[in-house]
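A.B. asks: Could you put together the complete structure from these sequences and hints?
Number of protein chains: 2
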Amino acid sequence: MLTKNHVKLITSLSQKKFRVQHQLFVVEGVKGVQEFLNSTFELYQLFSIEAIFEADTILVSEMELQKISSLKTPNTALALFKIPKQNEIKGSGLTLALDDVRDPGNLGTIIRLCDWFGINNLVCTKSTVDCYNSKVVQATMGSLARVDIQYVDLEAYIKAYPHDVFGTFMDGESIYSESLPDEGVIVMGNEANGVSESMEKLVTKKLSIPRFGNLQTTESLNVATATAIVLSEFKRK
Amino acid sequence: MLTKNHVKLITSLSQKKFRVQHQLFVVEGVKGVQEFLNSTFELYQLFSIEAIFEADTILVSEMELQKISSLKTPNTALALFKIPKQNEIKGSGLTLALDDVRDPGNLGTIIRLCDWFGINNLVCTKSTVDCYNSKVVQATMGSLARVDIQYVDLEAYIKAYPHDVFGTFMDGESIYSESLPDEGVIVMGNEANGVSESMEKLVTKKLSIPRFGNLQTTESLNVATATAIVLSEFKRK
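For the protein sequence lines, the chains are A and B, in the order given.
Count along the first sequence from 1, then add 80; that gives the number in our numbering.
Count along the second sequence from 1, then add 80; that gives the number in our numbering.
Hints were generated in silico from the structure; no laboratory data involved.
Remember, it's a predicted structure, so these values are computed and weren't measured experimentally.
Take the hints with a grain of salt, since some may be wrong.
Heads up, the list lumps identical chains together, so a pair's fine if it works in one copy or across two of them.
No farther apart than 27 Å at their CA atoms in a straight line, the calculated lysine-lysine pairs in the DSS-like style are these [unchecked claim]:
id : residue 1 : residue 2
1  : K285      : K315
2  : K239      : K206
3  : K152      : K215
4  : K96       : K152
5  : K165      : K206
6  : K285      : K170
C.D. replies: Shown next, in the form of structure tokens:
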């Protein structure tokens, strides 16, 4: 049975401070819930209008699901999972670093890209949008369960990093002509401002994605599509 | 002065049938409006809370702008532009073909990618989301003014197309190892279903974007990030 306390807890989790306090986050929809049940995440509570999961389920009516869902058209199930302890950052391979990515859809898409391209480590500034924000969780389509994400003091992390630090800039070397290594950290910047000045100083190899269209305009690529191209280039050889 | 007829016209343009009837679409925000003013699009009416444009401006209050805007926080200006006549499809170069892309944000991102990579032609099935939908216009960040978009009977178009037809599939040849031409049409599919079966039969070269992560999962890339990688591969040589 859905209680008032359930409703209060679940709706509070739309705010980061309550996710941090309770160490819980929300997953919605049959497919998403199933992906997280199959992952290493630990289930806390599962609400569904049908008993279709192997896990313990609190059955709710459609109207009750509507009450706890953040979606206009809720899809059958909603579950609370425990936020795992941050793993230690693995030392080897490629690391993607996000310098204040703010849009939940962009972060979700970037997490899917890390999953696709087998990126071991995703590190983010503390001002990057929270990966347990429900819009991020929805946009990851389950990849969140397969990618390690850390929120760190990014400047300190990069300063201590022993290999090359890459970033994309208008005046960088064409990413198509550079020989790209298997070890390195790739910094991607904020939607409006790109890589911050303090971070730019720590970049050891400036790259650019060449533009083939009309060169008079100053448009940039969206950070998620730029990340797609950059990761593809690092991995393609 | 903002009249009741203005409000009625502008709010009606959130629906495609009224955009088609009036042959008008909405652009919001100072930057977007300025991009379209600088383009070949023809201005119909411009509403702004400040007289900051060179074009004729109907001055409105913030409350009036709120009334005609589709945004939660409207940004200074809103303009109506005329929908141009469809140009003839140019014969040469790369063509991107969209097979029922439904999400306005995805179409907007793909239009920006065409602008970036200098793709001359973007052709879409008639069931692809309308490029004059206000969410698409917002997401293009002005690129809509620089990319020719046609809604066509895509099967008939592809059947008559004289060069190779490319598409991405799980069982295609790695896009990283294929030699990719300067002429061709690239078909990208619907968010949920990919390229349709009828279109798949018309594809002459099946490509795939290799996956480097955990291979047991069946996730796909988002259509906009897949398009970013595919266009980058065609253009990079």
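A.B. asks: Each hint needs a verdict: does it hold in this structure or not?
C.D. replies: Checked hints:
Taking CA atoms no more than 27 Å apart as the test, K285 paired with K315 passes in both settings, with 17 Å inside one copy and 23 Å between copies. In the homo-oligomer, the alpha carbons of K239 and K206 lie at most 27 Å apart inside one protomer (16 Å), although the nearest pairing across protomers, at 52 Å, exceeds that limit. In the homo-oligomer, the alpha carbons of K152 and K215 lie at most 27 Å apart both inside one protomer (13 Å) and across protomers (18 Å), since each shortest distance falls under that limit. With identical chains, the CA atoms of K96 and K152 are at most 27 Å apart both within one copy (21 Å) and between copies (22 Å).
Proximity of K165 and K206 under a CA criterion of 27 Å is satisfied intra-copy only: 16 Å inside one chain copy versus 48 Å between copies. In this homomeric assembly, K285 and K170 come within 27 Å of each other (Cα to Cα) only inside a single copy, at 22 Å, whereas the closest approach across copies is 39 Å.
Of the numbered hints stated above, none is contradicted by the structure.
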